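A.B. asks: Model the full assembly from the supplied sequences, consistent with the hints where possible.
If you read the sequences in order, they're chains A and L. So for the first sequence, numbering that gives the first Met the number 0 puts the first residue at 0; every next one is plus one. So for the second sequence, numbering that gives the first Met the number 0 puts the first residue at 0; every next one is plus one.
What the hints contain is simulated information worked out from the structure, not anything from laboratory work. Bear in mind that the values here come from a model prediction, so they are computed numbers and not experimental data. There's no promise every hint is true.
[Said to hold, decoys possible] List of simulated lysine-lysine pairs, BS3-like, C-alpha gap at most 25 Å:
| id | chain 1 | residue 1 | chain 2 | residue 2 |
| --- | --- | --- | --- | --- |
| 1 | L | 142 | L | 160 |
| 2 | L | 183 | L | 210 |
| 3 | A | 61 | L | 76 |
| 4 | L | 160 | L | 76 |
| 5 | L | 116 | L | 191 |
| 6 | L | 181 | L | 76 |
| 7 | L | 64 | L | 76 |
| 8 | L | 258 | L | 210 |
| 9 | L | 76 | A | 58 |
| 10 | L | 183 | L | 225 |
| 11 | L | 142 | L | 227 |
| 12 | L | 3 | A | 178 |
| 13 | L | 199 | L | 242 |
| 14 | A | 163 | L | 3 |
| 15 | A | 70 | L | 33 |
| 16 | A | 58 | L | 210 |
| 17 | A | 163 | A | 70 |
| 18 | L | 77 | A | 58 |
| 19 | L | 77 | A | 5 |
| 20 | L | 225 | L | 181 |
| 21 | L | 210 | L | 169 |
| 22 | L | 225 | L | 142 |
| 23 | A | 61 | L | 64 |
| 24 | L | 169 | L | 64 |
| 25 | A | 178 | A | 163 |
| 26 | L | 241 | L | 191 |
| 27 | A | 153 | A | 163 |
| 28 | A | 61 | L | 77 |
| 29 | L | 225 | A | 5 |
| 30 | L | 142 | A | 92 |
| 31 | L | 183 | L | 160 |
| 32 | L | 199 | L | 241 |
| 33 | L | 33 | L | 3 |
| 34 | L | 77 | L | 33 |
| 35 | A | 92 | A | 58 |
| 36 | L | 3 | A | 70 |
| 37 | L | 258 | L | 191 |
| 38 | L | 225 | L | 199 |
| 39 | L | 76 | A | 5 |
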Amino acid sequence: MEVVTKYSEPELVQLLRQRSRHVFSYLYDNYAGALLSIIRNIVTDEELANDVLQEVFVKIWKQIDSYDSSKGRLFTWMLNIARNASIDTVRSKSFQNSRQNRELTEDVHNAGGSSETKTDHIGLRKLVHNLKEEYRVLVELSYFQGYTQDEIAKMLNMPLGTVKTRLRTALIQLREIIKP
Amino acid sequence: MDIKAYIETGVIESYVLGMADAQEAAELLQMARKYPEVQQAIDAFEASLEQQALASAVAPHAHVKDSLFTILAPEFKKEDHKTRLVAFGWSRYVAAASVILLVASAALNVYFYSQFKSTSTAYQALLIEKNSLIADNQQMQTKALDLYNNMQMMTDPSMIKVSMQGVPGKENSLATVFWDSKSKDVYLLPNKLPQAAVGKQYQLWAIVDGKPVDAGVMDACTGLCKMKNIPAAAAFAITLEKKGGSPTPTIDQMYVLGKVG
Numbered sequence: 000m001e002v003v004t005k006y007s008e009p010e011l012v013q014l015l016r017q018r019s020r021h022v023f024s025y026l027y028d029n030y031a032g033a034l035l036s037i038i039r040n041i042v043t044d045e046e047l048a049n050d051v052l053q054e055v056f057v058k059i060w061k062q063i064d065s066y067d068s069s070k071g072r073l074f075t076w077m078l079n080i081a082r083n084a085s086i087d088t089v090r091s092k093s094f095q096n097s098r099q100n101r102e103l104t105e106d107v108h109n110a111g112g113s114s115e116t117k118t119d120h121i122g123l124r125k126l127v128h129n130l131k132e133e134y135r136v137l138v139e140l141s142y143f144q145g146y147t148q149d150e151i152a153k154m155l156n157m158p159l160g161t162v163k164t165r166l167r168t169a170l171i172q173l174r175e176i177i178k179p
Numbered sequence: 000m001d002i003k004a005y006i007e008t009g010v011i012e013s014y015v016l017g018m019a020d021a022q023e024a025a026e027l028l029q030m031a032r033k034y035p036e037v038q039q040a041i042d043a044f045e046a047s048l049e050q051q052a053l054a055s056a057v058a059p060h061a062h063v064k065d066s067l068f069t070i071l072a073p074e075f076k077k078e079d080h081k082t083r084l085v086a087f088g089w090s091r092y093v094a095a096a097s098v099i100l101l102v103a104s105a106a107l108n109v110y111f112y113s114q115f116k117s118t119s120t121a122y123q124a125l126l127i128e129k130n131s132l133i134a135d136n137q138q139m140q141t142k143a144l145d146l147y148n149n150m151q152m153m154t155d156p157s158m159i160k161v162s163m164q165g166v167p168g169k170e171n172s173l174a175t176v177f178w179d180s181k182s183k184d185v186y187l188l189p190n191k192l193p194q195a196a197v198g199k200q201y202q203l204w205a206i207v208d209g210k211p212v213d214a215g216v217m218d219a220c221t222g223l224c225k226m227k228n229i230p231a232a233a234a235f236a237i238t239l240e241k242k243g244g245s246p247t248p249t250i251d252q253m254y255v256l257g258k259v260g
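C.D. replies: Here you go:
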């Protein structure tokens, strides 16, 4: 029997800090799927993505005290944990495999900026594919692959200012696409 | 400062998506505190990002949650149990009701068992009483039958009745011999004889041709006591002898004497 109580964000945070198993379970039931969709955008291997999801929830549990509501929503905080954990996983895997084995994420840089896709994209990444090519590449590299703007400028042989401006424009467009 | 233009720079999206550097983030938060429109724009993008993510949710493998909760099991607060108990309130009431029913049932069992015990004891007592009544009744029937038989014998026309009176000094004593003239069987009725002392027994003598002949010792018997068969006798007498009887009578211990005819 499931209790159909809805928790507000401050309640969730407070109860998580009080180490409530019940509320942690509620958090998982309500957000694991959404977080997994963002993890799957970065870590395309399903098994590995599920491992990352588990790691992300352990981090949420351990780091809930460091969450600062003045800096954003709880979900935004969790989303960023998921994104960072996913990028770390892909990077360590890529390093281990020296990129010889199956690629764990779509490598836009190596694909030379072409629009061809290797996986069925879901969620945010699917929406990013609706952006114009020059913007899409920047979002892919920065958001899904975690490269800094400096790194991207060097990779694409583009001035840092241009990377910055284009990326900002891309994000504004993305915002409009996401808008319900 | 043109707030609208600031909102449209994309810094908000960059920040929310975790791509802004520390300086940009600090600047934005300062702006948000100063201008409600900025905060509203942040909130709106966060909300739509969350909505988008929830809408494209992917079901995780079931084992992820299991192993997650196994890993974190030692970290959960203990009283959390309470929350679950509240959630499962109905089962708590069912459990409480079960316990009450169990206790009530156990109490009834004890009550019924004690009832059964006392009824069973009473039944046993009645059973014993019934058996002893039956035994008494059988004894009475036997006695009645004996008495009836005795009466039949006494009133038989061939029966000779010899009344033995107390000898001088024993005038209160009385006994009667019933002597079957056909079968020559002798029956003794001790009407009135003192209780024989311990180790002593009354002995009946038949006087035949002036001499005493042993007719048997008197045992405890109801009504008539069957004695020895005596073919002929002129008189009968009773003496008190040592237990088992004597070959010859002790004359000074004679109690009663009666002549035949």
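A.B. asks: Does each hint fit the structure? Answer for all of them.
C.D. replies: Quick rundown of the hints versus the structure:
{"no.": "1", "hint": "L/142 x L/160", "in the structure": "22 Å, holds"}
{"no.": "2", "hint": "L/183 x L/210", "in the structure": "18 Å, holds"}
{"no.": "3", "hint": "A/61 x L/76", "in the structure": "14 Å, holds"}
{"no.": "4", "hint": "L/160 x L/76", "in the structure": "114 Å, violated"}
{"no.": "5", "hint": "L/116 x L/191", "in the structure": "53 Å, violated"}
{"no.": "6", "hint": "L/181 x L/76", "in the structure": "115 Å, violated"}
{"no.": "7", "hint": "L/64 x L/76", "in the structure": "18 Å, holds"}
{"no.": "8", "hint": "L/258 x L/210", "in the structure": "13 Å, holds"}
{"no.": "9", "hint": "L/76 x A/58", "in the structure": "17 Å, holds"}
{"no.": "10", "hint": "L/183 x L/225", "in the structure": "11 Å, holds"}
{"no.": "11", "hint": "L/142 x L/227", "in the structure": "22 Å, holds"}
{"no.": "12", "hint": "L/3 x A/178", "in the structure": "18 Å, holds"}
{"no.": "13", "hint": "L/199 x L/242", "in the structure": "5 Å, holds"}
{"no.": "14", "hint": "A/163 x L/3", "in the structure": "19 Å, holds"}
{"no.": "15", "hint": "A/70 x L/33", "in the structure": "14 Å, holds"}
{"no.": "16", "hint": "A/58 x L/210", "in the structure": "135 Å, violated"}
{"no.": "17", "hint": "A/163 x A/70", "in the structure": "23 Å, holds"}
{"no.": "18", "hint": "L/77 x A/58", "in the structure": "21 Å, holds"}
{"no.": "19", "hint": "L/77 x A/5", "in the structure": "22 Å, holds"}
{"no.": "20", "hint": "L/225 x L/181", "in the structure": "15 Å, holds"}
{"no.": "21", "hint": "L/210 x L/169", "in the structure": "22 Å, holds"}
{"no.": "22", "hint": "L/225 x L/142", "in the structure": "15 Å, holds"}
{"no.": "23", "hint": "A/61 x L/64", "in the structure": "16 Å, holds"}
{"no.": "24", "hint": "L/169 x L/64", "in the structure": "119 Å, violated"}
{"no.": "25", "hint": "A/178 x A/163", "in the structure": "23 Å, holds"}
{"no.": "26", "hint": "L/241 x L/191", "in the structure": "20 Å, holds"}
{"no.": "27", "hint": "A/153 x A/163", "in the structure": "13 Å, holds"}
{"no.": "28", "hint": "A/61 x L/77", "in the structure": "17 Å, holds"}
{"no.": "29", "hint": "L/225 x A/5", "in the structure": "111 Å, violated"}
{"no.": "30", "hint": "L/142 x A/92", "in the structure": "116 Å, violated"}
{"no.": "31", "hint": "L/183 x L/160", "in the structure": "12 Å, holds"}
{"no.": "32", "hint": "L/199 x L/241", "in the structure": "4 Å, holds"}
{"no.": "33", "hint": "L/33 x L/3", "in the structure": "14 Å, holds"}
{"no.": "34", "hint": "L/77 x L/33", "in the structure": "43 Å, violated"}
{"no.": "35", "hint": "A/92 x A/58", "in the structure": "20 Å, holds"}
{"no.": "36", "hint": "L/3 x A/70", "in the structure": "21 Å, holds"}
{"no.": "37", "hint": "L/258 x L/191", "in the structure": "18 Å, holds"}
{"no.": "38", "hint": "L/225 x L/199", "in the structure": "19 Å, holds"}
{"no.": "39", "hint": "L/76 x A/5", "in the structure": "20 Å, holds"}
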